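**Student:** Chain residues, written in single-letter form:
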Amino acid sequence: MAQSLDRLKESPSQTAGPYVHIGLTPNFCGIAGVYASDLGAAMVNDKTKGERIGLRVRVLDGTGTPLKDALVEIWQADAAGLYNSPAEMRGAADPNFLGWGRCPTDMETGLCAFETIKPGRVPFRDGRLMAPHITLWIVARGINLGLHTRLYFSDEEKANAEDPILARIEHRVRVPTLIAERQSDTYVFDVHLQGEKETVFFDS
Amino acid sequence: MPADPGSNLTPETGAFFQRDRTWHPPALTPNYKSSVLRSPQKALLSFDNTLSEIAGPVFGHAMLGELDADLIHNFARPGESAIGERIIVHGRVLDERGVGVPGVLIEFWQANAGGRYRHKKDGYLAPLDPNFGGCGRTITGEDGFYAFRTVKPGPYPWPNGPNDWRPAHIHFSVFGHGFAQRLITQMYFEGDPLIWKCPIVRGIADRAAIEALTALLDTQATIPMDALAYKFDIVLRGRRSSLFENRLEGN
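For the protein sequence lines, the chains are A and B, in the order given.
Note that this note's numbering numbers the first sequence so that position 120 is 125, with each residue one more than the last.
Note that this note's numbering numbers the second sequence so that position 13 is 3, with each residue one more than the last.
Among the hints, erroneous ones may be present.
What the hints assert, rightly or not - Under the rule of at most 20 Å between Cα atoms (straight-line distance), these lysine to any residue pairs were calculated in the SDA-like manner:
hint, chain 1, residue 1, chain 2, residue 2
1, A, K14, B, T12
2, A, K202, B, V26
3, B, K111, A, M112
4, B, K111, A, G115
5, B, K110, A, T114
6, A, K14, B, A205
Think of the hints as simulated: they come from the structure by calculation, not from any bench.
Computed from a predicted model, the values in this text were never measured in an experiment.
Bound-form chain A, shown alone (with noise of 0.2 Å):
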């Protein structure tokens, strides 16, 4: 008999649900006074180094109708390419930016808003730069186990092209979906759960 390797297994997951509001953004669904305000819900401050930019994310169902009970968190390096957070081996990052931030997506409109800044490169394993882009964690009534993805942008062309993880994509065609696009200030990002769009979501 071999000894055990003695592993546990991972807590299965289970969906956010609908109210899942009143636990991660009690003061959106009129849950005030238990936390002074929502976490995560703002991301920068006028000491924030980088460009400022804002994020128009929606997240749209098998039948193109945006989820207006869904939640997007992102996480994202500072401006230099730094990640604020222990595992970071490489330097400090920015003190003024946390790089994670929290939007529930409009119960009307479908629409999550972010004012964020660009971030800078991050080397992939073998040391090669990714291009910038910025992780995004989505979960809602009906999705079982958060979706996993990454939002690129539209005007780094030549860094996406040399992107290692853009270039794991087999079927080129769905390589768009991970690109927002740059409307002035602002880069806008459909998620798209299902069809012929389905965004390319990520087992790492």
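Since the structure of chain A is provided, determine the placement of chain B on it from the hints.
**Tutor:** Chain B alone, transformed into the frame defined by chain A:
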């Protein structure tokens, strides 16, 4: 928000163990109708974690308010408290290696004792409790321990099949140390017969996985003449040692 200034944790930088997607519910679970049009159908893009997945935000204990982990009082009028069975929920956040995970932000939310959520989309007959908001949060201590106080949520009917009821449950949102550990799940209560009838729960194929979401009554942690206790451990993805990882191609 920077890490706790007093923190002396040694950062780990290894990639996370791959997720066992046969253990989680699949994206499409047709008996849970909302999943039908919200489930991706194409193959996922698999890759070993990059720094974007290995890194994650850290939240310091300083952000917590005094009543954040006390749902009986954090929305109640002064001197009043929420109605229902008073319970303590406690346990540890571990990773798949069995190691306690400190500094983990846990956020929880739930219906009141009658099974009603304080949310404009919930129109269930059961009344709102004016002293119950339904949200709380805490951060795990050094060995991954956490605890909070609340009332036991009631089961409730929901529009799915013509007569579907959710078992009593508390929603948990958990941050690990890396963004790839991010997890939302639900805690169920030992002995609830509705667990095995619920289309959301039954999206999980393995009975042992469902049991892993079922908290046990813990009479040793009960506070006599005050509150029952339930023990609920949460397991996040484990991670590799980064000691022998090649940093550069060809090394």
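**Student:** Look at each hint and say if it fits the structure.
**Tutor:** Here's how the hints hold up against the structure:
| no. | hint | result |
| --- | --- | --- |
| 1 | A:K14 to B:T12 | holds, 11 Å |
| 2 | A:K202 to B:V26 | holds, 17 Å |
| 3 | B:K111 to A:M112 | holds, 10 Å |
| 4 | B:K111 to A:G115 | holds, 15 Å |
| 5 | B:K110 to A:T114 | holds, 16 Å |
| 6 | A:K14 to B:A205 | holds, 16 Å |
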